Amino acid sequence: MILPALLFFLINSYFPMVGIYYAFTKFDFNTSLFNSEFVGLKNFEFLWKSGILLRLTLNTFGYNLAFILLGNIGAVVLAVMISELKIRWFKKITQSFLFLPYFVSFVILSVIVYNVFNFETGFMNTTLKSVGMEPVDVYSKPVVWIVLIILFYLWKNIGYSMVIYLAAITGISDEYYEAAKIDGAHIFQRIRHITIPMLKTTFIMLLLFALGSIMKGQFDLFYQLVGNNGLLYNTTDILDTYVYRSLKVTFEIGMATAAGVYQSVFGFILIMSVNAIIRKINDEYALF
1 MILPALLFFL INSYFPMVGI YYAFTKFDFN TSLFNSEFVG LKNFEFLWKS GILLRLTLNT
61 FGYNLAFILL GNIGAVVLAV MISELKIRWF KKITQSFLFL PYFVSFVILS VIVYNVFNFE
121 TGFMNTTLKS VGMEPVDVYS KPVVWIVLII LFYLWKNIGY SMVIYLAAIT GISDEYYEAA
181 KIDGAHIFQR IRHITIPMLK TTFIMLLLFA LGSIMKGQFD LFYQLVGNNG LLYNTTDILD
241 TYVYRSLKVT FEIGMATAAG VYQSVFGFIL IMSVNAIIRK INDEYALF
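Okay, so the sequence shown: first residue is 1 according to our numbering, each after it adds one.
Because the hints were derived from the structure by calculation, they are not lab data. A portion of the hints provided could be inaccurate.
List time: in silico DSS-like cross-link candidates among lysine-lysine, alpha-carbon distance up to 25 Å [stated by the list, open to error]:
| hint | residue 1 | residue 2 |
| --- | --- | --- |
| 1 | 42 | 26 |
| 2 | 181 | 200 |
| 3 | 248 | 42 |
| 4 | 156 | 92 |
Keep in mind that this is a model prediction, so the values were computed, not measured.
Assemble the whole structure, with the sequences as input and the hints as a guide.
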């Protein structure tokens with residue numbers, strides 16, 4: 001029964017790992033894989049000394065950390081608020097509207113963002129001009145995109161996480177809440193002493209799963225919103241977009257593979273370290 005799954009991972013995950021060898025070569029398209037010039041750690045050395053690797057690491061780690069923390073905290077807040085709604089039809093409509101953005105394509109999102117922030121004909125600048133104010137070239141302001149990218153990510157994904165927490169809240173026995181009501185606990189006390197503690201396991205599990213891919217950026221989000229705008233690379237370039245450009249534009253296969261290997265190793269060390277810390281604190285919450 002598990003043979004199809006094993007074959008899937010062998011073909012798509014393990015056999016391609018042979019390509020790690022590219023990270024230690026100066027790839028030549030005129031030769032085969034193992035005949036390219038072996039350069040050892042020079043690709044990694046170049047990435048580090050040029051400052052590219054440090055910038056990509058800080059951007060990728062920083063954005064994902066914001067996505068994970070703000071996304072999970074926001075999802076918990078929304079799930080608790082919706083679970084306390086008493087009008088069923090309003091509860092279902094609200095849940096649907098919050099979940100709907102998850103199905104919006106990043107391509108569609110990029111079109112919306114462009115039509116809002118375009119310097120010449122965007123909605124924002126058109127509105128500013130109509131009231132006698134100077135237009136703002138958002139696409140030339142790198143710092144602004146830190147906030148915009150985080151906001152658009154939360155808008156698109158927070159509804160999906162909310163559904164998970166809402167399912168966990170649904171599984172909490174009503175007896176706890178009824179007993180709390182009898183003891184005179186008001187709604188905020190019930191949330192604080194029953195709902196939040198009961199969500200702790202779900203929160204930690206989702207946090208650990210997310211940390212496993214903390215060095216894997218949201219490529220679609222960054223590439224569709226920023227594209228090839230070099231003015232924004234300092235604050236919006238992540239490992240995934242760098243690897244893509246290295247393969248598509250400069251054909252630096254060795255450099256791109258080196259960045260990918262670094263990304264995987266860093267993520268592996270991080271998830272092992274965090275899991276070990278959590279296992280020492282509370283063994284029940286650890287993944288393994």
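Each hint, compared with the structure:
Proposed proximity of residue 42 and residue 26 is supported: the alpha carbons are some 9 Å apart, at most 25 Å. For the suggested pair residue 181 and residue 200, the alpha carbons sit about 22 Å apart, so the restraint of at most 25 Å is met. In summary, the hint linking residue 248 to residue 42 is supported, as the alpha carbons are separated by about 21 Å, within the 25 Å threshold. For the proposed pair residue 156 and residue 92, the alpha carbon gap of about 18 Å is at most 25 Å, so the pair holds.
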